[in-house]
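Enquirer: Protein chains in written order, with our numbering: chain A, 1 to 529; chain B, 1001 to 1717.
Hints were generated in silico from the structure; no laboratory data involved. Take the hints with a grain of salt, since some may be wrong.
[Stated by the list, open to error] Going by beta-carbon spacing under 8 Å, a handful of chain A positions derived as facing chain B:
1) 168
2) 433
3) 438
4) 473
[To be verified] Restricting the straight-line Cα-Cα distance to at most 30 Å, the calculated cross-link-like pairs of lysine-lysine (DSS-like) are:
5) B/1074 with A/406
6) A/394 with B/1532
7) A/528 with B/1310
8) B/1310 with A/25
9) B/1531 with A/405
10) A/396 with B/1310
11) A/393 with B/1454
12) B/1532 with A/402
[Claimed, not checked] Calculated Cβ distances over 12 Å to all of chain A for the following chain B residues:
13) 1046
14) 1082
15) 1215
16) 1219
17) 1442
18) 1443
19) 1444
20) 1445
21) 1446
22) 1456
23) 1469
24) 1546
25) 1596
26) 1606
All residues carry an ideal CB built from backbone N, CA and C; glycine is no exception.
Residues per chain, in single letters:
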Amino acid sequence: MAESFPVRPKLRPTSSKTTPTPESKYWRSFKIPKDIDTTPSKSYVYPINAIAFSPVEPHDFAATHSANVTIFSGKTLERKSTIASFANTAASASFRCDGKLLAAGDLTGTIHVFDAKSRSHLRRLKGHAAAARVVSYPRVADKFHLFSGGDDSVVKYWDVTTEKCVFDLLGHKDYVRCGDASPVSDEMFVSGSYDHRVKLWDVRVSSEGSVMELNHEKPVESVIYLPSGGLIATAGGNYVKIWDVIGGGKLLYSMESHNKTVTSLCMGKVGKGSGEEADQNRILSVSLDGYMKVFDYAKFKITHTMRFPEPLLSVGFSPNCSTRVIGTSKGTLYIGRRKVKVESDNLVVDGGGWGVVDDEPRKKVLRPSYFRYFQRGQNLKPSEGDYLIKRPKKLKLAVFDKLLKKFRHKEALVAALNQKNPESVVAVMEELIARQKLLRCVSNLDMEELGLLLAFLQKYSTVPRYAGILTKLVNKIVELRADDIRSSDQLRSHVRNLKRDVAEEIRIQESLLEIQGIISPMLRIAAKR
Amino acid sequence: MFTGGKSFVSSPPAFSNDAKRLLVCTGNTVSVFSTSTGLQTNELEGHEAQVTSVIVVPASKVLNYCWTASLDGKIKYWDFAAPELMKTIDIRFPIHSMVIPSLLNQTTESNGKLPDLFSYVYSEVVKQKEEHSNSFRGQIQKCNLTKSRLVGGVKLAETQSPGSITISPYGKYIGVREKRKLRIWEIPEKDSEHVCYKKIRLHHTRSITALAFHPTERVIAAGDVTGRILIWRGVGLQTFSNSKLVNGPNKDEEDRPGVRDEDDADSCTTWHWHSAQVNVLFFSSDGAYLYSGGREGVLVCWQLDSGKKKFLPRIGSPLLYFISSPDPTLSSISCADNRIQLLRTTSMEFLRSISGIKLPSSHLATYEGFGSDVVVNPTDGVIAVPAEDYRVQFYSLFDDREIQEVQICQRNHHPGDEITVKVNLVALSRDGSTMSTVETRLPEEGIGSLVTLKFWARGSQSKQFNLSTVIYEPHREAGISSIAVRPTGHMAVSSSYGGDFKVWVNRHGTPPKDETHQNAGWTCHAVGSYKKKPMTSAAFSSDGSVLAVAAEKVITLWDPDRNTLLAVIGDSVEPITTLSFVGKSDYLVSASRGSKPQLTIWSMSKLCATWSYRLDAEAISCSMYNSTFAVLVLSEQMVVGEATLHPHEGTIVLFNAENAVPLSTWLVSKVALPSNLHLVHIYVVFVCNIYSFSRISGLAAISVSISVSIYFPRIIT
């Protein structure tokens, strides 16, 4: 009736790490592809100020660093080309809605428009008196305009073809460092400035200044529209705030989990097949503390956190959910790509015009003369309706288990000691204690086995997990076997080592207590606040 | 009326002729169980004391008659299928054992009339005066069952104390064991009132504990206290073979115990495998095998010719009886943990078990906090009994059967060993979905004591308890005095003698829907202490808003959610051992024991004592709904009305918390097993519930019998 239980060590506490949720598995699956030459994937000396993805397939992306804009292929993630015709550091980049043109602003205040493919310099938009930190094409269909913001606290709306500024949008009182075009309208865009304000602009009513003003309460480092166009997310200081612009600019949520300034935001998407659109959209935020966080703004919950070794400056996520790029202040570009199951689209087009059909490989009838005859059916999987008879699991018994079953306690202890697994040795000792036989075993050990035991005790009696039982045992052994230990040099040296280790451990404990004494008043003060 | 917790193993059971029923002596009654389902089908009620023997009349399969004998001195004849009492014979001596040899070799006389039926009873002589200095208390007498009287003048033996009679499979011999010798009588084929018996004695150097007769040959097996099995072959060659008659029971003078030389047997072989006392010896029906069993809980099957052994290990408890059935594939093993196992003899596997409430072993270690309590879930009448073999048994009092067992500690149980690991505390949540247990391992000369707190969650579909969290040494090395689960759930408290109590919470408020969820578990939520005093008891109020923890002599009241001390009340002389909130009322009852015991009722609204008694409360049980509670008092000096209580007698006093005058009182007498206190606990809990039932149904008298200890309560106020 009763089954037999082998001796088991005490359970160890499971790590407090939560098992990965499907979502964090998803975000972790963005890995540096093997075929990229260096790891971390791309390293430039200068900070990566901005990353921009092309809105059309195959979603090439541009990264600005130093006086260059580098365009990477969205397919292979290889560097495609570098535009190096800037007079000063490039600060921002934006693809046109058809992906054919790329606009980039530099610190002199000039905005350059290039052909994304040929790299030919098409237009120079001059007007900003200081660095142009924001440049953005409208995202829906307008191919002729773009807007930019600069350190002169002016937001400009340009007609690209004529290289003319259509009008200046005034209102900010400090550097304009970020902005985004509305995903639903060509005429709406938003800009954020170091004067803590985020302003919504509508070019149709340009004369009346900004349509709406939001106070972020910290210098705004990044602002993006959420895909519905009705919500915006702003980053500045350690916060990311979500605003409802249709509902009159109401603050919906303030996420405060970064420890340093949040530098950049972008939209991400969990590539689940089903579910509502809003369920899949996430805000990716990166910060100078080196963390990238994924925020689910439907549930107002952080669903994933990832740490990078350097301060992060910019982040980008490809619209087809396959690539995630993060740029750091030290010029490293972390390109992560998710492995997508290659669908079998490479259908083999057979030139089957000949009409010769090969014979189907005839199934050989298995005979007992074949070796496979004896292996037949072993890989058979049970079908759904089958009643599965499970073979009773054979209990694996260790050597010491078998000896304990035969009540040969001393041999069991020695067998456990020979296996050199401290957990099982302690488990056997505990079982012997439960049988009240441990001390009798110890007193029956011969010299060699006693040496084995002392060597074990020397190694493990100061390990905190075993110390409670082993230190007491050491005392008893020294008491019980004092004569034997004295008579053997080897045992004496074991005990000497043991003594030294214990003294060392006591020293460590004392210094730890000292540290605890130093810390505890501080903790108490901190708790009072 | 509820009866519960009967002992199934006080006497050997008996199979019916079709092997479909098993007749088990259960206290004053004989219970009939179905062997195919393991459930009780009938009960034979009528005896007034413990039934000691049940003998099924061997006949065709349709006839269901049996004889029973009891300590009340009566022999009864039943039709147990009906069930119906057919006949009663009163011999006025407590019968400890009875055999009826002539049932086994029935012969019809020449005139076709059935001969008289004779039984041999091993009875206890109740002497009025001290006649002999060496008082022989047991005697074997002969009883004519047909004429319903004892056969005068026939006294086969007088012994110091009555025991059991063993009968050979075809009724040819009967034997008794008497310390270090066996006495065997041959029963003549035509038994009548005046007949002479041939008898022999066999001697051994140790006390004999078991005896068995070979079915066909003159082979006798006996087991002794050291675990040896002796096989005598060719027993009684001289005595039984020749026709010379030796008569008279008293030829004991030349008897020299321990000398085997003059035994009337060919040879005597000794087998020694058992390490402790042999309790069971049984020859298989063909005589080729001998089954033996003892304290180790291992059934050994010996091949009689070669002495080869086969084992059926890990039965879990000392074996007491092995009974074979008319169906050759079925037999039963009675174990000391109040369990009858039905065994398929061919494959040596257990088919099912019939189990009563597991009694605690008599040798309870006297270690602080090592006793074990029984907890009750009053809503469904299920009690959880921590048993010796590291299991908790769930037993339904309403259905009077075991529901399940939960293995608490993954350890092999060796019955008969000294108990060093024990499940000593169990607590259940009110809905029964959460269980917490504490197991303690005793140290060996100060090394390696371990207290483990475990939390279990009941699966929603499977109804099985799954281990949720294990906490080693929750209060460092200090023992845990009590655990309690909050009635509203998801919180538990453990109080320790080391001077602190810990509040544990389930990390996820609701149990996870999918049981594979790994993060569900219990974590320490708060640690509290009061002036470093040992915390001796803890209880939650019925709405879960107040946690009361007894800090030795005072009661501290805490808010379990906010971890704040609400109030400190009381100042008893002795440390408080029990705390309990009375139902949904605002009263708290505390009990302290020792030289100045006290039972006090505290009002939670006024934070002061309402009333108090100097009572040594053995157990307290509170009703769940109204403000009544019951107290069991076991005291030698207490005088209730005019009646003075004897030792091992006690009273159960039912109080309403609002009033110091008891509502009612029952006298309980405890017949046997003085150490068996936990049965009383069961009883108190029982009474509280019964009381509420009896009020509804208007029952005047309540009679409850519990297991070996039989209580005869009567209402005196």
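Enquirer: Does each hint hold? Answer for all of them.
Expert: Here's how the hints hold up against the structure:
no., hint, in the structure
1, 168, "violated, 56 Å"
2, 433, "holds, 4 Å"
3, 438, "holds, 5 Å"
4, 473, "holds, 6 Å"
5, B/1074 with A/406, "violated, 49 Å"
6, A/394 with B/1532, "violated, 50 Å"
7, A/528 with B/1310, "violated, 71 Å"
8, B/1310 with A/25, "violated, 55 Å"
9, B/1531 with A/405, "violated, 48 Å"
10, A/396 with B/1310, "holds, 22 Å"
11, A/393 with B/1454, "holds, 26 Å"
12, B/1532 with A/402, "violated, 46 Å"
13, 1046, "holds, 34 Å"
14, 1082, "holds, 34 Å"
15, 1215, "holds, 28 Å"
16, 1219, "holds, 31 Å"
17, 1442, "violated, 8 Å"
18, 1443, "violated, 7 Å"
19, 1444, "violated, 5 Å"
20, 1445, "violated, 6 Å"
21, 1446, "violated, 6 Å"
22, 1456, "holds, 15 Å"
23, 1469, "violated, 10 Å"
24, 1546, "holds, 26 Å"
25, 1596, "holds, 37 Å"
26, 1606, "holds, 35 Å"
Hints 1, 5, 6, 7, 8, 9, 12, 17, 18, 19, 20, 21 and 23, counting from the list given before, are not met by this structure.
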